[in-house]
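Asker: One-letter residues, chain by chain:
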Amino acid sequence: MAAYTAVPTHMGVIYGRRLESSLAGRVTPISELDDIDALVRTYRARIVRFIAYSTGDPDLAGTIAQDTLLRAYNGRENFRGECSVSTWLTGIAIHVLRDHQRTEKYKFWKRVKSSAIDVHEMASFIPADGSSPEGQLLAKEKVKHLARILETLSHNQRTVFLMKFSEEMPLTDISEVLGMSITTVKTHLHRALKAVRSQLGAKI
Amino acid sequence: MTTAQSVHLTEEAMNDVLIGLSLPESDAHLAACPVCSGQLEEFRSQMQLFNQTTLAWSEARPGVNLRTGSSRKVYQGIFAPAVWALAATVLLAVGLPIWNHFHRSYRNYAVVLPAAPGDNATQIAEDNDLLRSVNAALNDNEVSPLSEYHLADGPHPRRKARLEVRTQ
Numbered sequence: 001m002a003a004y005t006a007v008p009t010h011m012g013v014i015y016g017r018r019l020e021s022s023l024a025g026r027v028t029p030i031s032e033l034d035d036i037d038a039l040v041r042t043y044r045a046r047i048v049r050f051i052a053y054s055t056g057d058p059d060l061a062g063t064i065a066q067d068t069l070l071r072a073y074n075g076r077e078n079f080r081g082e083c084s085v086s087t088w089l090t091g092i093a094i095h096v097l098r099d100h101q102r103t104e105k106y107k108f109w110k111r112v113k114s115s116a117i118d119v120h121e122m123a124s125f126i127p128a129d130g131s132s133p134e135g136q137l138l139a140k141e142k143v144k145h146l147a148r149i150l151e152t153l154s155h156n157q158r159t160v161f162l163m164k165f166s167e168e169m170p171l172t173d174i175s176e177v178l179g180m181s182i183t184t185v186k187t188h189l190h191r192a193l194k195a196v197r198s199q200l201g202a203k204i
Numbered sequence: 001m002t003t004a005q006s007v008h009l010t011e012e013a014m015n016d017v018l019i020g021l022s023l024p025e026s027d028a029h030l031a032a033c034p035v036c037s038g039q040l041e042e043f044r045s046q047m048q049l050f051n052q053t054t055l056a057w058s059e060a061r062p063g064v065n066l067r068t069g070s071s072r073k074v075y076q077g078i079f080a081p082a083v084w085a086l087a088a089t090v091l092l093a094v095g096l097p098i099w100n101h102f103h104r105s106y107r108n109y110a111v112v113l114p115a116a117p118g119d120n121a122t123q124i125a126e127d128n129d130l131l132r133s134v135n136a137a138l139n140d141n142e143v144s145p146l147s148e149y150h151l152a153d154g155p156h157p158r159r160k161a162r163l164e165v166r167t168q
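Keeping their order, the protein sequence lines are chains B and V.
Note that this note's numbering has the first sequence beginning at 1, numbered continuously upward.
Note that this note's numbering has the second sequence beginning at 1, numbered continuously upward.
Warning: the hint list may mix true and false statements.
If we take Cβ atoms under 7 angstroms as the criterion, some of the chain B residues that face chain V in the derived model are [said to hold, decoys possible]:
| # | residue |
| --- | --- |
| 1 | 126 |
| 2 | 130 |
| 3 | 142 |
Which residues of chain B face chain V? A partial, calculated answer using Cβ under 7 angstroms [unchecked claim]:
| # | residue |
| --- | --- |
| 4 | 44 |
| 5 | 62 |
| 6 | 127 |
| 7 | 139 |
| 8 | 143 |
| 9 | 166 |
No lab work stands behind these hints: they were computed from the structure.
A virtual CB, placed ideally from N, CA and C, is assigned to each residue, including glycine.
For reference, chain V alone in the conformation it holds in the complex (with noise of 0.2 angstroms):
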């Protein structure tokens, strides 16, 4: 629209037009005016210059292949649970034996405990009295090597001599 005073295009008829809702009567002002023609024309291509340039500077910043990222959770969908089922049943198949064996082993060893024969009350004790009786003889017979070299009788020669020494 134009204003009163100017023959040109409002402010705001100008940014109708910049936008895409431009009535008939701007677009007829702009194919009689050049100036107004001129002034759009004029912001069109200083923003194609700025894309342009910012599209030049987008294409020039570095970037990662996503061939990768995208195969990989393509696979992860379409795979997921057949890899899951797999790592399960090797699991299984490591894990059952495994506990299978040291149950088994546990099992057999609280069995065959209690059926060992001689373990019963009198035969603990014969055992015990056996182990005093050679306990009884070793310890007569066996000479401490500090009786057998008179160690133990009395004070070493030098030990107040030394005790002296430290006091003083």
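Just chain B, with the same shape it has in the complex (with noise of 0.2 angstroms):
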């Protein structure tokens, strides 16, 4: 039996779900949230890029992707599955992001500190599909175009740039997790790829 009751998180209107064992009578967790080393595994490299292509920063990213695993995961019980894990955790980073920004420590490192995503290195983990070599350095070049479009794109039309198309998140989870109407992430989801796509070739 699933019961599923409406107790607001932290992230307010991100619900989980606790599935009972109707035969024992006594909560059981039925979730891959219980094993910390299988959601690092499966999902921290997620939330590094996320984190990392929608701030740029890809220091803060690891920092971020670990507090947000180790808050998922000590929080796990408020889970109760309305929504996937991955975008669970997503908006988990979300707020740990947010908190993050606004602490005195990170306004200084920001000021004298600032670290930027190498998209040379980047495009050096392209993945080796058996392609000629000009293709490879095609896909390369692509690829470092891409990450360059982003850049210039709003932190707005970039953060749901990415959920929409890295993350393949849902509107109605993007509106929920950033806390916008729907309209909202349409207006800068439309201005975000009408700005990629006219970048990288009016018509790809």
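Hints given; two lone chains; assemble the complex.
Answerer: If you want it as structure tokens, here you go:
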């Protein structure tokens, strides 16, 4: 028997699910969230990617991913599965990021130090799909070009774009996680897509 | 939606399709138009390549072992009251005897000192007289080394010469 209770979490709008064993009569969490190693293995890279390309700061992404996974693991009882684990974690990451950006320590280090994503290094991780060296080079250039285009977007446009096209989140989840209306999310997406497609080549 | 001049999807209609808000007309057009469907496919493949590459890049980023942190948090959460209670007990077990020891010692001194016999005004006066007489006896018999060797009787014979040399 699955019991759904509308207990708001710290995310406000994201609800989890607790599965109960009707036979045993006791709460039995059935979730991949119970194994922190599996959690890290499955989701850490996605969170790092999302935060790194959303903020442009890979060092910050590592910290946020760590805090997000730890917070998710410690608060896994609150997850009741009304969204995917990935979406739930992305929402937590957004909140952790906002909390972090409010701190004086972050503001100080942002002033004195700025670490940016090295697109050349990133492009070197392009998957080896057996294509020719020329094909690999072309693919690298495409990836670098797209990364540079994303840097030109506003923070909201980039975040929404990554949530939609990298994290593959539904518009409703993006709206809930970011606390924006669906219309606002659509507007950001349209503007981001227009900018990306026009810079990639008017007609991709 | 197609434009009047072209048989292809407009930019807005194409974006709607990419966002997942496509109209049935757009879907029908895409099913029949290789140009528009090719554009969509190209964008999707480019995003897929970007996602694969950035995910591989993210996986290569160094991470820390969260098991330590999570177990510490659980430990703190469950056992924190017990740990604090144990610490308080140890503090009391050590601190109370020490405090009691010192408190009792001071109390004993406070009781014993006023009860010491012989500390009255007469006794003190007698002691002072005795000390004065001892002091007088010692002063009379003692000869100063300066007097003994006649060092303090007159000026040193070479002192005047030294003073003259310094003033020059």
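Asker: Give a verdict on every hint.
Answerer: Hints, one by one, checked against the model:
Because the beta carbon of residue 126 of chain B sits about 5 angstroms from the nearest beta carbon in chain V, less than 7 angstroms, this interface hint is met. Taking 7 angstroms as the C-beta cut-off, the interface hint given for residue 130 of chain B is violated, the closest approach to chain V being about 14 angstroms. At a threshold of 7 angstroms, the smallest CB-CB gap from residue 142 of chain B to chain V is about 6 angstroms, leaving the interface hint in force. The beta carbon of residue 44 of chain B is positioned within 7 angstroms of a beta carbon in chain V (closest approach about 6 angstroms), and the interface hint is therefore held.
Checking residue 62 of chain B against chain V: minimum C-beta separation of about 6 angstroms stays under 7 angstroms; hint holds. For residue 127 of chain B, the shortest C-beta to C-beta distance to chain V is roughly 5 angstroms, which falls under 7 angstroms, so the interface hint holds. Against a cut-off of 7 angstroms between C-beta atoms, the interface hint on residue 139 of chain B holds, since the closest Cβ of chain V lies about 6 angstroms away. The criterion of a C-beta within 7 angstroms of any C-beta in chain V is met by residue 143 of chain B, whose closest approach is roughly 5 angstroms, and the hint holds.
For residue 166 of chain B, the suggested interface contact is upheld, since its CB lies about 5 angstroms from the closest CB of chain V, less than 7 angstroms.
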